[in-house]
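J.: Protein sequence lines, in the order shown, are assigned to chains A and B. Our numbering numbers the first residue of the first sequence as 1 and each following residue consecutively. Our numbering numbers the first residue of the second sequence as 1 and each following residue consecutively.
Accuracy of the hints is not assured; some may be wrong.
Copies of the same chain look alike in the list, so a pair counts if it fits in one copy or across any two.
Mimicking DSSO-like on lysine-lysine, the simulated pairs with C-alpha atoms at most 30 Å apart in a straight line are [to be verified]: (1) Lys-149 / Lys-195; (2) Lys-583 / Lys-303; (3) Lys-511 / Lys-449; (4) Lys-490 / Lys-80; (5) Lys-195 / Lys-303; (6) Lys-303 / Lys-449; (7) Lys-89 / Lys-187; (8) Lys-583 / Lys-449; (9) Lys-303 / Lys-365; (10) Lys-303 / Lys-235; (11) Lys-473 / Lys-583; (12) Lys-583 / Lys-511; (13) Lys-11 / Lys-58.
Just so you know, these hints were derived from the structure itself, not from any lab.
2 protein chains.
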Amino acid sequence: MKQYTPIDFTKVDINGGFWKRRQQINRDTTVYTVERRFEDTGRFATFRFDWKEGEPNKPDIYWDSDVAKWMEAVAYLLEKGPAPDLEKKVDDLVDLIVKNQDPNGYFNVFFTVVKPEERFLHRTDHELYCAGHLIEAAVAYAHATGKTKFLDAMCRYADLIEQVFVKDRSAAFITPGHEEIELALVKLYRYTGEKRYLDLSKFFIDHRGEDPEEQYYGHVNGRHCQDHLPVREQKTAEGHAVRAAYLYAGMADVAYETDDQTLYDACNTLFDNIVERRMYITGGIGSEAYGEGFTLDYDLPNKTAYNESCASIAMIFFARRMWMLNADSRYADIAERVLYNGFLSSETLDGNAFFYENPLEIDPKLRHRNTAMKDTTARFPITQRVEVFGCSCCPPNITRFMASVGDLLYTTSDDTLFVHQYIQSSSAFDWAGKEVKIAQDTRYPIDGKIAITLEGDGLNGRKAAVRIPGWCKEYTISVNGAPFSGTPEKGYLYIPCGDGKTEVILDFVMKPVLMEASSHVQEDAGRVALQRGPVVYCLEGVDNGDDLRALAVDRSLALQEEYDEFFDGITLTGKGWRKAPSKELYAPVDDSLWQEQTLKFIPYYGFANRGETEMIVWIQAR
Amino acid sequence: MKQYTPIDFTKVDINGGFWKRRQQINRDTTVYTVERRFEDTGRFATFRFDWKEGEPNKPDIYWDSDVAKWMEAVAYLLEKGPAPDLEKKVDDLVDLIVKNQDPNGYFNVFFTVVKPEERFLHRTDHELYCAGHLIEAAVAYAHATGKTKFLDAMCRYADLIEQVFVKDRSAAFITPGHEEIELALVKLYRYTGEKRYLDLSKFFIDHRGEDPEEQYYGHVNGRHCQDHLPVREQKTAEGHAVRAAYLYAGMADVAYETDDQTLYDACNTLFDNIVERRMYITGGIGSEAYGEGFTLDYDLPNKTAYNESCASIAMIFFARRMWMLNADSRYADIAERVLYNGFLSSETLDGNAFFYENPLEIDPKLRHRNTAMKDTTARFPITQRVEVFGCSCCPPNITRFMASVGDLLYTTSDDTLFVHQYIQSSSAFDWAGKEVKIAQDTRYPIDGKIAITLEGDGLNGRKAAVRIPGWCKEYTISVNGAPFSGTPEKGYLYIPCGDGKTEVILDFVMKPVLMEASSHVQEDAGRVALQRGPVVYCLEGVDNGDDLRALAVDRSLALQEEYDEFFDGITLTGKGWRKAPSKELYAPVDDSLWQEQTLKFIPYYGFANRGETEMIVWIQAR
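Just chain A, with the same shape it has in the complex:
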């Protein structure tokens, strides 16, 4: 199993283009939106540990993790520039954490102020999940600021967890019901060099599948928590999609650090199952709201798609770890699919509000219906993004991920620098003791032209491997002004670097393409989706009138491309059709009911930014 070294976002300066604009919104708006809502809902105040029964804002089992993700986001923002107000806020929180941490290292708000007698008793109550996010935040904050108070506290907590779970075996369960700590412990190991944290992560992974089923609450079963089998025997992605993808990311981390082929094989099998059978074209995963989880192969309903925003983020984490293990572009292709669609859709274009769920079709009538019963089991997602949710895992996850998106660009092997994602940026880093500089100049994904400049001693005699995106069927490449031809290997084109500056000009031809799903996907049978580059498109009622299922795009794809500032992307406008309703509910097929209509497609990620309206991805073509 060959390994690749990641270049993390701290070494990547996103200095313009699409992602710079996204990150600016994140820094200027999103992180403060989340902060404000966390203030309002008492999430920060809860760290004072003075909540009393009967008071409002009762801490919930996952609140620590919400706050931790926000703290982690602040740390990432601090890597790129000062933000004294935010840093002060985190410092204050760290003080509270240290002040309220148990002498034995334990730290959890819910299990201290609400149910102090029930620590490590309830598998599915997010206790270790919260610990994981606190650990991630502590590592990030130490790296960003050099301050180790938080990190030291979390090391003590991790040590306690090792004591309780591994040495004493005194917890009521063996492995967490909501995974996350696995990948967090690997981060802690990498930062501190303390192998016991890696061992603890491996312990939680290796012992999965051993807890008895009855440890779960009510409707949850082992499959929900990826506990139905030992992880190396799991062949299909099951259960809660966020837990699953965090687990798989952790498994990939441990495979990477321990050179564990069986774990790597399991990761590959699970990755394949997801991307070949259980993922939406938007990269969303988790097709059912109830259980927030995977269901069956090819069971991908559009209107009720769950596709939690956190699952999109977790899926990118998983994909990134896989490309650290294997230089195959399928991982970066999938990360790109998620990134430009299911991830970006999770917040408004202005960064002020969020989706927890990201469906592929919206009919507001169904959401708001008031039918024969006071409540109904037919559940449809909300139609507009909101500032906060009761369970608010997604908003801080979005802001921390957005701040660290530079993680997705590069890895190195002994002799090759891999370019996984195309994002305007400049980077400088050390490669086996020598300096390397790489810059990308691009409007991607608005167009497919990327100018890559490589220089530095580190590159001399080595190669750059650029990903040919899976969506791209036509491209040209020049190297130092001369056309370059070569055959991609597992999706990467390897370009030798000389001893001077190497200039690579990539031109991936971007034009609208009619996509279809595998014929195994029942929900999309006979329907198409429009994609341009990595961006999936949708129609909205506000542009095209309601009853979007009655629309068909013309197969000629006579569509005008236009840059639209509001969407910061290309809209596609052109020839389409609308089927007028027949006079009777059922009648012989009548093609004369098709009337030409101009259709306007917008990037899927921009849906629901102009009021409540119908939306659809999979439409008819004729």
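Assemble chain B onto chain A, guided by the hints.
T.: Leaving out everything else, chain B in the frame of chain A:
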């Protein structure tokens, strides 16, 4: 409002052809299947009124109605021939009813042996619904046998209901939560001539919408019980579909008997709403399981379609009453749609097992899935008919309806005999004091040829009006051997009768037609259904392999018609296509993946008779 007089099934001898075979199975098998299961589940025993708390087979609130419908079925069978075993069983039940009836006339098993203190307190507990079915059975049994013991008992009960609800107003509610008694009371009025029963029915109809909402249990609201508005203000069919259609049938009865134009108008509006916006192509109504009810206009999902068998029957009741009020073929067209599809599908071809729900698409994987949670809100109907349900309203309803299907053939006005349905039969009846004989010789719906022979003094100078089915675009008619041409009026072609025998030969050309739904119906967008005559077709996995959504019928409709004894119908076999799955889950549209495949279509009513398998009605065409 012109009125038409129905010729009921007792005067119609179904003497061969498709429906004779159905009725024979009903007489030989179905009525006994239901009897046996009612024995096994203690439904009959409960009429001994000796059940004690803690014993098995605790009576449920609707058991009286189950048994009553079976008794009514026996009465209808007795109209057509002796069945001493069945008659003895009913006589024994009648003895128990009379023995256990309260001195004041009250009769209800549940509210005597389980909750005797709670009579007339619980609106939604089916008390008056049970009374309605008992009244219907009593009328039927008196007519069939001349024995009036049961009828007399039910008259006493109806009198008590009048006393409690109208005179004393001592019940805790004004109108029933589950309608049915309305139409039953009109039957009682017609049979006894006692106008107070008609008045009581009218009372229940006129006062609908006056009960306070909080009288309903848990999840049920006023809309569920058609109690959200006074009936004359209701514009859309809402709530529980069976309750709704029984109510509408009762409303039409009262409109008929009282010449109430406002009530008739309401019926028409509701009928239109159903058939133009809320009905499946199979005639099924009630698109959602939760609440067993109507949802929104054009909201007609196929896999989760509820389409209760009882709702199909109730819809035919409603349609029949509408054609007694207005000689417009739309009512008989709709009854025909239900009859040959959603009604017939409700039992196995051998008459031994039943569907409560009649979906338009089945994927057994979805029904049997075991996903992230122990239970799941995504609910899919059972895939195979069963002998009995906990709530077993449908099986006895099916057997009573099948025995009385001859009700659907004829009405008369002053000068016209209307032929609404085409069923092999002979009839003789009195028309304004003179005899009329009418016979139909036909294989309908196997083919569209019907020879109608009319004779008798009653016809002299009058007309026969034959329905030109809505599905039929091409037909020939001859009268006494000579071609007959005329323009149908509201779907009926009026044929003058001479003083001798009149022979009408109808030939409705039956061939497969590609049908589509209104483009407002999202679920069927871009899909077609095959229909031949009144019969809707489906594909099953057992004939065509799984993944039925990947199939497309060829638009040429190159299909071979073949009579199949197993289905007692025409199967259609011919050119179609299967889209092979693409290598990747999502890929550019690739028409080369279409591979020719012979498809075999069977009548929808015959689905799920050959083991568990996929089924689909709405497919692709190319």
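J.: Of the hints stated earlier, which fail here?
T.: Violated hints (numbers, rising): 4, 5, 6, 13; every other hint is consistent with the structure.
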